[in-house]
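Residue-level listing of the chains:
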Amino acid sequence: MGGDTGTHLDSFRAEGGQMGRPRTTLYVVACALVLVACASDGAEPTGGGGSRNPVSPSTSFPVTVEGSNGSVTIQDRPTRIVSLSPTGTEDLFAIGAGDQVIAVDDRSNFPSDAPVTDLSGFEPNIEAIASYEPDLVVYSTEIGDLGSSLRSVGLTALQLDAPVTLEDAYEQIEQLGIATGHQDEAEVVVAGMRAEVDSIVESVGPAEGLTFYYELDDTFYSVTSDTFIGQLFSLLGLENIADAAGKGSGGYPQLSAEYIVEADPDLIFLADTKCCGQSPRTVANRPGWNTIAAVENGNVVPLDDDVASRWGPRVVDLLRAVADAANAAADEAAA
Amino acid sequence: MSGVVARRRTIVLGVVVLAAAVLAGLLVGPARIAMSDVFGWLVAFGDAPEGVSEQASTILANLRLPRVLVGGLVGASLAASGAAYQAVFRNPLADPYLLGSAAGAGLGATIVVAYGPSGSVELTVPLAAFVGALVGVGLAYGLGRSSLGGRAATSLVLAGVAVASFLTAVQTFLQQQRSETLRQVYTWILGRLGTTGWDDVRLALPSVLLAVATLWAVRRLLDVIEVGDVEAESLGLHVGRLRLVVVAAASLATAAAVAVGGLIGFVGIIVPHTVRLMVGGSYRSVLPLSVLFGASFLILVDLIARTVVSPAEIPIGVITAFVGAPFFVAVLRRRARTT
Numbered sequence: 001m002g003g004d005t006g007t008h009l010d011s012f013r014a015e016g017g018q019m020g021r022p023r024t025t026l027y028v029v030a031c032a033l034v035l036v037a038c039a040s041d042g043a044e045p046t047g048g049g050g051s052r053n054p055v056s057p058s059t060s061f062p063v064t065v066e067g068s069n070g071s072v073t074i075q076d077r078p079t080r081i082v083s084l085s086p087t088g089t090e091d092l093f094a095i096g097a098g099d100q101v102i103a104v105d106d107r108s109n110f111p112s113d114a115p116v117t118d119l120s121g122f123e124p125n126i127e128a129i130a131s132y133e134p135d136l137v138v139y140s141t142e143i144g145d146l147g148s149s150l151r152s153v154g155l156t157a158l159q160l161d162a163p164v165t166l167e168d169a170y171e172q173i174e175q176l177g178i179a180t181g182h183q184d185e186a187e188v189v190v191a192g193m194r195a196e197v198d199s200i201v202e203s204v205g206p207a208e209g210l211t212f213y214y215e216l217d218d219t220f221y222s223v224t225s226d227t228f229i230g231q232l233f234s235l236l237g238l239e240n241i242a243d244a245a246g247k248g249s250g251g252y253p254q255l256s257a258e259y260i261v262e263a264d265p266d267l268i269f270l271a272d273t274k275c276c277g278q279s280p281r282t283v284a285n286r287p288g289w290n291t292i293a294a295v296e297n298g299n300v301v302p303l304d305d306d307v308a309s310r311w312g313p314r315v316v317d318l319l320r321a322v323a324d325a326a327n328a329a330a331d332e333a334a335a
Numbered sequence: 001m002s003g004v005v006a007r008r009r010t011i012v013l014g015v016v017v018l019a020a021a022v023l024a025g026l027l028v029g030p031a032r033i034a035m036s037d038v039f040g041w042l043v044a045f046g047d048a049p050e051g052v053s054e055q056a057s058t059i060l061a062n063l064r065l066p067r068v069l070v071g072g073l074v075g076a077s078l079a080a081s082g083a084a085y086q087a088v089f090r091n092p093l094a095d096p097y098l099l100g101s102a103a104g105a106g107l108g109a110t111i112v113v114a115y116g117p118s119g120s121v122e123l124t125v126p127l128a129a130f131v132g133a134l135v136g137v138g139l140a141y142g143l144g145r146s147s148l149g150g151r152a153a154t155s156l157v158l159a160g161v162a163v164a165s166f167l168t169a170v171q172t173f174l175q176q177q178r179s180e181t182l183r184q185v186y187t188w189i190l191g192r193l194g195t196t197g198w199d200d201v202r203l204a205l206p207s208v209l210l211a212v213a214t215l216w217a218v219r220r221l222l223d224v225i226e227v228g229d230v231e232a233e234s235l236g237l238h239v240g241r242l243r244l245v246v247v248a249a250a251s252l253a254t255a256a257a258v259a260v261g262g263l264i265g266f267v268g269i270i271v272p273h274t275v276r277l278m279v280g281g282s283y284r285s286v287l288p289l290s291v292l293f294g295a296s297f298l299i300l301v302d303l304i305a306r307t308v309v310s311p312a313e314i315p316i317g318v319i320t321a322f323v324g325a326p327f328f329v330a331v332l333r334r335r336a337r338t339t
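Each protein sequence line maps, in turn, to chains G and F.
Counting from 1, position 56 in the first sequence corresponds to residue 56 in my numbering; the numbering is continuous, with no gaps.
Counting from 1, position 22 in the second sequence corresponds to residue 22 in my numbering; the numbering is continuous, with no gaps.
Rather than coming from a laboratory, the hints here were simulated on the basis of the structure.
Just so it is clear, CB atoms sit at the ideal spot from N, CA and C, and this is done for glycine as well.
Honestly, I wouldn't trust all of these hints.
Said to hold, decoys possible - Output of the computed footprint for chain F on chain G, the stretches with three or more beta carbons under 8 Å from beta carbons of chain F:
| id | region |
| --- | --- |
| 1 | 117 to 131 |
| 2 | 213 to 226 |
| 3 | 249 to 258 |
| 4 | 261 to 272 |
Make the full structure from the sequences, and use the hints.
In structure tokens, the structure reads:
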């Protein structure tokens, strides 16, 4: 059998199941994890531009802004912006820089008049990006050497990575305002968000202390309060059942079904309605889940996956949806 | 003969270990259910047990028990298929995914996740994986028999490699086309006993029973075929037919295992090799013990997966490889020393 062994070893190695495939899949999927769940991962929390940039409110260029990739200097008011980040796209349009945007990535589905192309922020193709001759490229996730690759072909690249706090998210909008010559509008947007967040937080009274389970996908990945999304719920005074699994999970633990049933949350939020086709009905059909208070009382709340995985102006909508559901659940309990 | 006694003794041991693993799987879990409640529930099986909360009995009946059963079915399938493949391909490294079932299942699951109707993935993904696994092996078998010359075992393996690579390439391409589905496909690939319910038991049980019974029935012939095709033929064995039966049965079991459990590596290799180290190479022992220890092993590994970081989980595929890889090296070293 000696002669065969080499072949067999090779064939074993080459065969997809065990050794060859997971390695590539792991790489690819690391990106996917970043994309869906880790939208609010804080691997580089300090990079997000914690320090304010004292640029005068005038729109005189050049300007220097703080991105997650450090200081970026922009020579002239950009008029050919390419956004590879769905959140970046939402921010740009919210601050009135939409007409300076010439192309956005394939996942930038909001607002609807954004110039969607087949550019990808997760499989970025430098040549394709460069062919738009952009004067500013906004991206969120550093896939491979995206930033330095863009710079090496002479492009100006601004990274705005997933933030850790709401303040970081505000800061990104303000930095984009400076970068595009819309500083005043950006400040108005942020002030509006702050006011709305305050009023939503105030509106939540008796719901405080209700427990909830936040579902990222149908294999029960969730978020702890250490994540961007988790902090939003903390703001409202809701209690996260995933916090018990906090340590060592990087903020995104995969929970056991029987733990969720045992924890008996008052509210269930589904951030997997689009990705995984989940709904209050599918949740109620899961074995054993019908005993959960949230299911019994009809407090399973479908969310928009996209809104729930971004950190732009629509964070306010997400917060309001959560607060409304929590208040409704509290009223029900009181009645 | 003392060999028969020894064999009976190890099989009794295997049954005891399996019973212990099942019991441990029911007793321990993220939900804190008192041991006395579990026993009470077991004794009153079928009725509403007295003194056990509705929540506890729901968890035991709808989550823990089906999960233990599926773990056992998957482990038994993979270990038995691995053992049988190692015999008919005379390759100690043959695992149940050798002929492209993993790649086929992955492609099937990906197609449904990426292009299927949203909503009913709980049922359609396992079914697609099941069909995909069988199609993968069918392709490999057809190609290996018809187009490649030479010895049947080798050409089958080579055809399996080609089919697996091709299907994996297609799967990866589809995934990239729909990058939003990456995560779902990925969690599926890592093994997914976390969402197990009775549906999975119902899906897997018939195939597993049929396949394991078939392999069990031919276990004596596996000893003959392992000697060599020519030698086996000279003893009157129809090698090609036996290989087809084994491949069909093992693929059925593997497809069922992949459908309900995702891709769980190493079980099909480490369990049969452990058994061989314990009782020697005869498939009259290796096959039944692989079934018993395979089931026990996966139930216990799943126990680790759901308790170590409780209430979070570790994907089961990670732990089988974590335990399996060092073991695998040890087996290889031992093999190298003895040959």
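Against the structure, the hints come out as follows:
no. : hint       : in the structure
1   : 117 to 131 : holds (count 3)
2   : 213 to 226 : holds (count 5)
3   : 249 to 258 : holds (count 7)
4   : 261 to 272 : holds (count 4)
Against the hints set out earlier in the document, no violation occurs for any number.
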